[in-house]
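As you go down the protein sequences, you meet chains A and B in turn.
Just so you know, the first sequence maps onto residues 168 to 455 in our numbering.
Just so you know, the second sequence maps onto residues 31 to 318 in our numbering.
There's no promise every hint is true.
No farther apart than 25 Å at their CA atoms in a straight line, the calculated lysine to any residue pairs in the SDA-like style are these [said to hold, decoys possible]:
#1 A:LYS200 / B:LYS136
#2 B:LYS120 / B:LYS136
#3 B:LYS306 / B:ALA250
#4 B:LYS154 / A:PRO306
#5 B:LYS120 / A:LEU203
Per the computed footprint, the stretches of chain A lying under chain B, defined by three or more beta-carbons under 8 Å from a beta-carbon of chain B, are [as the list claims (entries may be wrong)]:
#6 220–226
#7 244–257
#8 304–315
#9 336–346
#10 418–431
Simulated from the structure, these hints should not be mistaken for laboratory data.
For each residue, glycine too, the CB sits at the ideal point set by N, CA and C.
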Amino acid sequence: MRKFKEFIIEKLILLSGLTSIFFVVLIFLFLLKEGLSVFQIVTPCDFLFGKSWYPISEPAQLGILPLMMGSLIITLGATIISVPIGVACAVYIAEVAPSRIKEILKAGIELLAAIPSVVLGFIGMMTLVPWIKNVFHLPTGLTALSGSVMLAFMAMPTIVSIAEDALYSVPKSYKEGALALGATHWQTIYRIIVPAASSGILAAVMLGIGRVIGETMAVMMITGNAAVIPTSILQPVRTLTATIAAEMGEAVVGSEHYFALFAIGIVLFIISFIINVTSDLFLHRERK
Amino acid sequence: MYPRIKPILALSMIAIFGVSPLLAKPQEDSLQIKGSDTMVNLAQSWAEDFMQNNPNSFVAVTGGGSGTGIASLINGTCDIAMSSRTIKPKEIELAKKKNVFPYEIKVALDGLAVVVHPQNPIGKLTVDQLAQIFSGRIVNWKDVGGDDKEIVILSREVNSGTHVYFKEHVLRKMNPQSQEEFSPKALLLSSSQAIADEVATNPSAIGYYGMGYISKRQKAISIAQDEQSAYVEPTIENVTAQKYPISRPLYVYTNGEPQGFVKIFIDFGLSPQGQKVVLINDFVPLLK
């Protein structure tokens, strides 16, 4: 009887595990089925490297290069802002902070992760956007920079919590050894602990980037959504995600526009797949 | 083990029975209205007055854009679609495939206001100047007699009927062969209110939306068809007299000729009382 129960439970867990994979496969197949049809209208090359996005014109121009560049510049900006702060914060929490401050900081960061992105977008629109416009004397504050700053806030909790875990998992003997050899606390952190946790930190960064590239609502509200290839971070941009969100409601089901939006979905899927696999590789390297 | 399962069971029971009233069939006298953001406030006022007169009825109004409304009429998720543009042949074709027969009813008129910041010295423009500004051929205010400032173009997203109307009637001047497009540098904002807010705070911005959104925080431009004709302000009198060059009809679409409850609601909208609501919402009543 007990064995039977074990058996049932085991199979149930196996089933749950398989379901998630099954869903991913289904989603991907659906994306492929809907998205690939667009290549009957435009060649993959024109789609990926076309410079203008006018989806509802006749004939429609479906080039997503400006959108990809938009996503790229925002992601780069957000990474440059969030990675140094996030990693430094993780080092402080894991190695330096007294336990009371540590608790407060951790709770604060978890709270940051809990703020819905639409709220962050709204706050950004009301505070950051006018500020950026005045500081840089721009014609408009709805720029890639505004998006990058807001997304940096969103990526920070991911980066901090995973990097902190990585720092914790460095064996204590490393630290003791370094201190015993006469290294200062800072030298120990800089020379021993951070390098030892480097692959975990890299994984944290990759996951943070994954969070940024998939974010939609906040960027749609504060980046201006102009489908132009950006030449500076102080220009309005349109991202892949915002394009899907803004246009899916309109697209006539079965039209070239509709298929093109699904094809953008495939591009996003591939990008986040690559990011996840890379971060996984880093994590596994750490375990060895 | 068992005591642990009981609360879970109880919870799931509550979940199932708690949700089931929501799954029940909606009552007979309920209406779903969806579509044009321009018309949301108007339809909402109609719905409120109507529900006061008919306490047993329930009318839900949601926005999303004209295309969104028509798409949900085709998919059967709304009873009435609001639209600030006529239905496209492609959409009719698609509707017929799904056994939906869109029926068009004109319910009001709307003047499309072009607005700038109150401090902008420009107070009048011709339709041709507008076309050149919005397509990106004029990029500085000094070229139309204003200050030496870069023009920031604000437009609605492509799912907006207002966007499509402005493109066809101002940029392309009703010429179906024209390939004119909005400048890729145009910022695409997701609502008329977002454009109103940005124009109110940005001295170099220009935007457009339905007359109902004009307030003291923006300045509405007087528009002339060409240099010989008079510049006309967007007011209710001028739109009624058909003097204002960019005004348009507003439509609702139903599946087939309206019947039953849908007909009662639309008749209410077209009645003198309903047309008074049109006026209160800063739209222009149909001529009787």
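For each hint, the structure was consulted:
1. A:LYS200 / B:LYS136: 39 Å, violated
2. B:LYS120 / B:LYS136: Since the Cα atoms of B:LYS120 and B:LYS136 sit roughly 20 Å apart, the hinted pair holds (cutoff 25 Å).
3. B:LYS306 / B:ALA250: Holds, at roughly 24 Å.
4. B:LYS154 / A:PRO306: 22 Å, holds
5. B:LYS120 / A:LEU203: 21 Å, holds
6. 220–226: Since three or more residues must qualify, the claim that chain B covers the segment 220–226 of chain A holds, with 5 doing so at under 8 Å.
7. 244–257: violated (count 0)
8. 304–315: Check passed, 3 qualifying residues.
9. 336–346: Violated: only 0 residues of the segment 336–346 of chain A have a Cβ under 8 Å from chain B.
10. 418–431: With 5 residues closer than 8 Å to chain B, the segment 418–431 of chain A meets the three-residue bar; holds.
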